[in-house]
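Trainee: Combine the two chains into a complex, taking the hints into account.
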Amino acid sequence: MPENCIYIARSSAIAARALAGEMMVMNSADSTFFTLNEVATAIFQAADGRTPLQEIVRDRICGQFDVDLAQAQADAEQFVTELSGHGILLVSNQPLASEAR
Amino acid sequence: MTTMATAQKVACVEIGGIPIALSTCDDAFLDLLRRRYDGFLSASPPEFELEFDLNRTGLASDDDVRVRREGDEWLVQRGDFHARLNPRTGRGSVRQNANPYALDSVMRILHSLIVAERGGFLLHAASAICRTPGASFGASFNGRAYLFPGVSGAGKTTMTRLAPADVTLLTDEISYVRPSADGYAAFGTPFAGELAKAGENCTAPVAALFFLEKGPENRVDELPPAEAIRRLMRNILFFAEDQDLVEKLLATACDFVARVPIRRLTFYPDARVWDLVRNFERDFERDSQEVAEHA
Chain F
53 MPENCIYIAR SSAIAARALA GEMMVMNSAD STFFTLNEVA TAIFQAADGR
103 TPLQEIVRDR ICGQFDVDLA QAQADAEQFV TELSGHGILL VSNQPLASEA
153 R
Chain S
15 MTTMATAQKV ACVEIGGIPI ALSTCDDAFL DLLRRRYDGF LSASPPEFEL
65 EFDLNRTGLA SDDDVRVRRE GDEWLVQRGD FHARLNPRTG RGSVRQNANP
115 YALDSVMRIL HSLIVAERGG FLLHAASAIC RTPGASFGAS FNGRAYLFPG
165 VSGAGKTTMT RLAPADVTLL TDEISYVRPS ADGYAAFGTP FAGELAKAGE
215 NCTAPVAALF FLEKGPENRV DELPPAEAIR RLMRNILFFA EDQDLVEKLL
265 ATACDFVARV PIRRLTFYPD ARVWDLVRNF ERDFERDSQE VAEHA
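Respectively, the protein sequence lines represent chains F and S.
Under the numbering used here, the first residue of the first sequence carries the number 53, and numbering increases by one thereafter.
Under the numbering used here, the first residue of the second sequence carries the number 15, and numbering increases by one thereafter.
Only chain S is shown next, with the shape it has when bound in the complex (with noise of 0.2 Å):
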C-alpha cells in the first residue's frame, strides 16, 4: 500500500511573549496565516504546536463557544471548529475551515486558557503605550500602557483614533495582560476591532485601567475594588468550565485591582482625552507621595 504524506508548513505565531507553532498542509492557508499574524510571526522556539486539518464545508460560527477539560487536553468546539490542546505536550490539533474568524477565535481562545494558568488574562479593551517623557523608543519601549476596558459602543476604537502620534497602539480590541516582575505586563495583539488594523508587537508595564464613558466632559474618577473587580470580570475573555481555573482567574483579577490603579474615565471624543491620560501618572505618584509624607 502506498501512503500519500503533505509536508507540513510552519508560521510560528508570538503573541503575548508565548510562540505557537501553527502548521498545515494548505499552501493558501499558510498565506492567509501569514499575512494574518504579520509583524507577530516569529522565529522563537515555539512553545506549543497547532497542527491545522481544514475541511471545506461552510459552518455556522454563531453557536456558543464550548471549553472543557478531558484528561489532560482542552477541548474547544464551536460550530465551525474544533480545537484540542495539552498544555503539557504543548501539542494541539484544530480542525476548521479556512476561515480568518474561525482562526482568530481559536487562537484568542487557546491564548486565553494558556494566559489564564500563567497568572494573566485576555480582556475586551483597547491598550496603547505612552512615552515616559524623555524617553525615545528603540528596540525597547521605554514607556507604560494603558488599558481601556469597555462594552461595544464604549468607545475602545473612538480612543485609539483619538491617539496623538507618538502614542504606540497595542491594540482596538483584545489587550494582553500578563504578571510581571513588578506588576503587570500589556502585550500588543494582532486581534483588532473596528479599527481593521493590527496592534505593535511591544509591551510596557501597565500603568492603569480606565473603564470607558462617554461623556460631556473629560473627567477621571475612582471606583471602589469591588465594583472595580467587577467591571474587569465582566470584560475578561474566559470560556473554560474548569473550577481550578476560573479560582485561578478570580484570584488574578483581584490581586491586578490591587496592584493597578482601576478608574473610570468618561471622555468627551476628542484628542485632549491623552492629555488626561498622559497625566494620570504624574498625578497619580504625586498624590501617592503627598498621602506617604502625611502618614
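Isolated chain F (complex conformation) (with noise of 0.2 Å):
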C-alpha cells in the first residue's frame, strides 16, 4: 500500500439524501448544507473508510466520468479537504470505520 494513501468515510454527523443524481447533505453541527454534483456523490457514496481514496478515484470516477485520471485525483483532493473542513467527510492514512448510521 502506497505511504500516501487517504482513506475517508462519512461522519456520523450528518444527514443526506440522493436526488436526480446529486447528493443533499446537511451536518446536524451546524445545520450547514450541501450540494453535491455526481462526481462528488459519487466519492461521498464510496466513502466506506477501507477504500483508498486513489481507488476510489480510479474506479469509481475515472472508470464512469470521462475524466483525466490526474486532473481527477487532484479535484478530488480538493473536494475532500473541503468537505471534511465542514465535518462531512473524515479524512486519515489509516483505514477508518465509517460512522455513517
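Derived by calculation from the structure, the hints in this document are not laboratory data.
Glycine is no exception: its CB is placed at the ideal position from the N, C-alpha and C atoms.
Okay, the calculated beta carbon distance ranges per label pair:
| # | chain 1 | residue 1 | chain 2 | residue 2 | range |
| --- | --- | --- | --- | --- | --- |
| 1 | S | Arg83 | F | Gln97 | 21 to 31 Å |
| 2 | F | Gln116 | S | Ala179 | 51 to 61 Å |
| 3 | F | Leu71 | S | Asp77 | 30 to 40 Å |
| 4 | S | Tyr282 | F | Arg110 | 50 to 60 Å |
| 5 | F | Asn89 | S | Glu304 | 25 to 35 Å |
| 6 | S | Glu304 | F | Gly139 | 45 to 55 Å |
| 7 | F | Gln97 | S | Ala285 | 43 to 53 Å |
| 8 | F | Gln97 | S | Glu307 | 37 to 47 Å |
| 9 | F | Asn145 | S | Glu208 | 49 to 59 Å |
| 10 | S | Pro283 | F | Asn145 | 53 to 63 Å |
| 11 | S | Ser107 | F | Ala126 | 48 to 58 Å |
| 12 | F | Ala70 | S | Val24 | 39 to 49 Å |
| 13 | S | Pro238 | F | Ala126 | 20 to 30 Å |
Mentor: Here it is, written out as C-alpha cells:
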C-alpha cells in the first residue's frame, strides 16, 4: 500500500439524501447544507473508510466519467479537504471505521 | 419559615395549531404576552407549558443561538434568554428579561423544534391565502395558501403590501408549515417582519411555493427538484444540533418538494403579480391534466 494513501469516511453527524443524481448533505452540528454534483456524490458514496481515495478515483470516477486520472485525483483531494473542513467527511492516512449510520 | 408564593398567571397561545400555555408571575409581562399574541390566544387545552422567570438585567441578544438536546430536554441558549423544554412531558421553562424580541425568538425556536418532530417546518417566508373562486370566507377559510420565501430584501413584505383586499395574509416574515392529510397546510403566525403586523390566525392547504426575485417583468419559472430543496433548506428556520432531527428535516424538505409545486417568481413590484399567483393553480391543474391525457 502506498505511504500517501488517503482514506475517507462519512461522518455520523450528517443527514444525506440522493435526488436526481445529486446528493443533499446537511451537517447536524451547524445545520450547514451542501449539494454534491454527480462526481462528488460518487466519491461521497464510496467513502467507506476502507477504500483508498486513489482507488475510488480510479474505479468510481475515471471508470464512470470522462476525466483524466491526474486531474480527477487533484480535484478529489480538493473536494475531500473542503468537505472534511465542514465535518462532512473524515480523512486519515489509516483505514477508518465509517461513522455513517 | 414562611414561604412567599406568587400566583402564576397563564396565557395560552396557539400558533400552527399547537397550543402552548405561557405562565408568569409578572402582570406587566402577562400583559405584553397578551398584546403581542392577540389573535392567537386560545382556550384549547395546552400541549405544552412554559414557565417564564424574568430577570431584570439587559443582556446582549446578538450572540448566536445554541440549541441542543440534553437527555430528554431541549436546551436553547442565547445571550438574552435560556430556555428548556421536555417534549415528552410537555413542560419547560424560560429565563429571560421582559424583552418582546427575546420572547418572540424563544417562541419561534421552540415551535421550530416541535413542528420539525411532526414533519413540518418554520420558513423564512411570507404567506397568504387566495380565496377559491366562488367561495366565501366563513369560520373556515375556503382557499389555498401560497408561500413566498426569500432572504431580506427579496420582496416578502413587498408582496404582502401589494396583496389585493380579498387575499388573507398569514405572515410577511415567518410561515408555519405542517403536513396534512392531502399534502401540507400553512398557518398564520404572529411573527411579523417589516410590515409590523401579525398574520391572520387561520390555515389553508399549500397550493405552491414561489421563491421571490425582483426583476423587470412578472414571470414564473420551474426549478429542478435539487435546486428547490437547496433553496428551501436555506430558508427553513432550524437551529438544533441534533442528528435525528436533521435527518427528519431533510426528509421533510424532500417530501415537500415532491408534493408541492415549487417555482421561481420573478416580479416587478406592482399588483399585477398577484394575477400571476391567482392564475398559477388554474394553469398548473390544466397543464397537469393535459399531460395526464397525453400520457
